[in-house]
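Residue numbers for the sequence shown follow my numbering, so the first one is 167 and each next one is one higher.
Note that these hints are calculated values from the structure, not bench results.
Any given hint could be a false lead.
Stated by the list, open to error - SDA-like cross-link-like pairs, simulated, lysine to any residue; straight-line CA separation at most 20 Å:
1) Lys338 <-> Asp389
2) Lys276 <-> Asp332
3) Lys276 <-> Gly317
4) Lys276 <-> Leu346
5) Lys276 <-> Asp337
6) Lys338 <-> Arg467
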Amino acid sequence: MEAVCVSRWRGRSKGQELERLAALAGEASADAAVAMEASSAAALAEAEVIAEAAAPTAEPEPASTAPPQDGGDEPAVQPDLTAAAFFDVDNTMMMGASIFHFARGLASRKYFTTSDLAGFAWQQMKFRVGGRESPDTIRSSREQGLSFVAGRTVEDMNAVGEEIYDELMADKIWSGTRALAQMHLDAGQRVWLVTATPVELAAIIARRLGLTGALGTVLEQEDGVYTGRLVGDMLHAHAKAHAVRALAAREGLNLRRCTAYSDSQNDVPMLSVVGTAVAVNPDAGLRDVARQRQWEIRDFRTGRKAAKIGVPSVLGAGALAGAVAAGLAYRRRAA
Numbered sequence: 167m168e169a170v171c172v173s174r175w176r177g178r179s180k181g182q183e184l185e186r187l188a189a190l191a192g193e194a195s196a197d198a199a200v201a202m203e204a205s206s207a208a209a210l211a212e213a214e215v216i217a218e219a220a221a222p223t224a225e226p227e228p229a230s231t232a233p234p235q236d237g238g239d240e241p242a243v244q245p246d247l248t249a250a251a252f253f254d255v256d257n258t259m260m261m262g263a264s265i266f267h268f269a270r271g272l273a274s275r276k277y278f279t280t281s282d283l284a285g286f287a288w289q290q291m292k293f294r295v296g297g298r299e300s301p302d303t304i305r306s307s308r309e310q311g312l313s314f315v316a317g318r319t320v321e322d323m324n325a326v327g328e329e330i331y332d333e334l335m336a337d338k339i340w341s342g343t344r345a346l347a348q349m350h351l352d353a354g355q356r357v358w359l360v361t362a363t364p365v366e367l368a369a370i371i372a373r374r375l376g377l378t379g380a381l382g383t384v385l386e387q388e389d390g391v392y393t394g395r396l397v398g399d400m401l402h403a404h405a406k407a408h409a410v411r412a413l414a415a416r417e418g419l420n421l422r423r424c425t426a427y428s429d430s431q432n433d434v435p436m437l438s439v440v441g442t443a444v445a446v447n448p449d450a451g452l453r454d455v456a457r458q459r460q461w462e463i464r465d466f467r468t469g470r471k472a473a474k475i476g477v478p479s480v481l482g483a484g485a486l487a488g489a490v491a492a493g494l495a496y497r498r499r500a501a
């Protein structure tokens, strides 16, 4: 079996190897995240923290009510203050996992060391073999995976994130999903990214796409320096639904008039709290749910490519393992 795996790897390019490594390391993430679902009260409290930490891309400019200038016939966009759209990022707005692309960029800049990553990668391998982890172990694994940002300034990570977006993320945006987001913007609605990826990275993506802002996993910082720990829990599964509810309450949104988009069965809770749910590039589980509930399905993938690019879309133990393991592999190959 090992010889077969080796022969398959030899036929792949470096980029393909990294993508496959991230996918393999991340396959366990969905089951791991489900195992750590918190109580509704605790999750709602964390959602309030996440909503408060929501990163707006910029102060929105008020829509003009003045008539078009120079004889133009383009009507001014009137704001729709009670409707909004919520988009997952990984495999929904972007091909693959954003944290994986970020890790590759950091690895190319020599941010990773073998000692930082080896222990965490080993924990993820044990999970893939054993198939079980306790919630405490999962949280410990996530925080160990985040240790590479410990001691680094938020300013530095934001600057690097901007560079990495241009290098590795901009061309990964699904044009079809981007068009859906623009459709909501053109209707005067606000558009938020809702993702398990760190909120600062999510905010960069949202700003570059001209969206309203982002909800994401909050990394603890002290005096502008990351501690390597999380604030609350990762923004995943039921936590996304709670965060959307909290944001809606804060912004005066009518959730029955809102729309949510995702590729993952893990996001069924978020998709279920809005009036319109759309499955985008859905995994098998979400496709089944969408058919049962008669949700719209949009698939921008083609043929076998659809099955190959589905890097898991959560920032749980598995997905972050894929990111850092890919970074380690990249560093070894580049050495």
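Each hint tested on the structure:
1. Lys338 <-> Asp389: This hinted pair is violated, its Cα atoms lying about 33 Å apart.
2. Lys276 <-> Asp332: Within the cut-off at roughly 18 Å; holds.
3. Lys276 <-> Gly317: Judged against 20 Å, a Cα distance of about 15 Å means the pair holds.
4. Lys276 <-> Leu346: Roughly 37 Å between the alpha carbons, so the hint for lysine 276 and leucine 346 is violated.
5. Lys276 <-> Asp337: violated, 23 Å
6. Lys338 <-> Arg467: The hint holds at about 12 Å.
Hint compliance for this structure: hints 1, 4, 5 are not met, and every other hint is.
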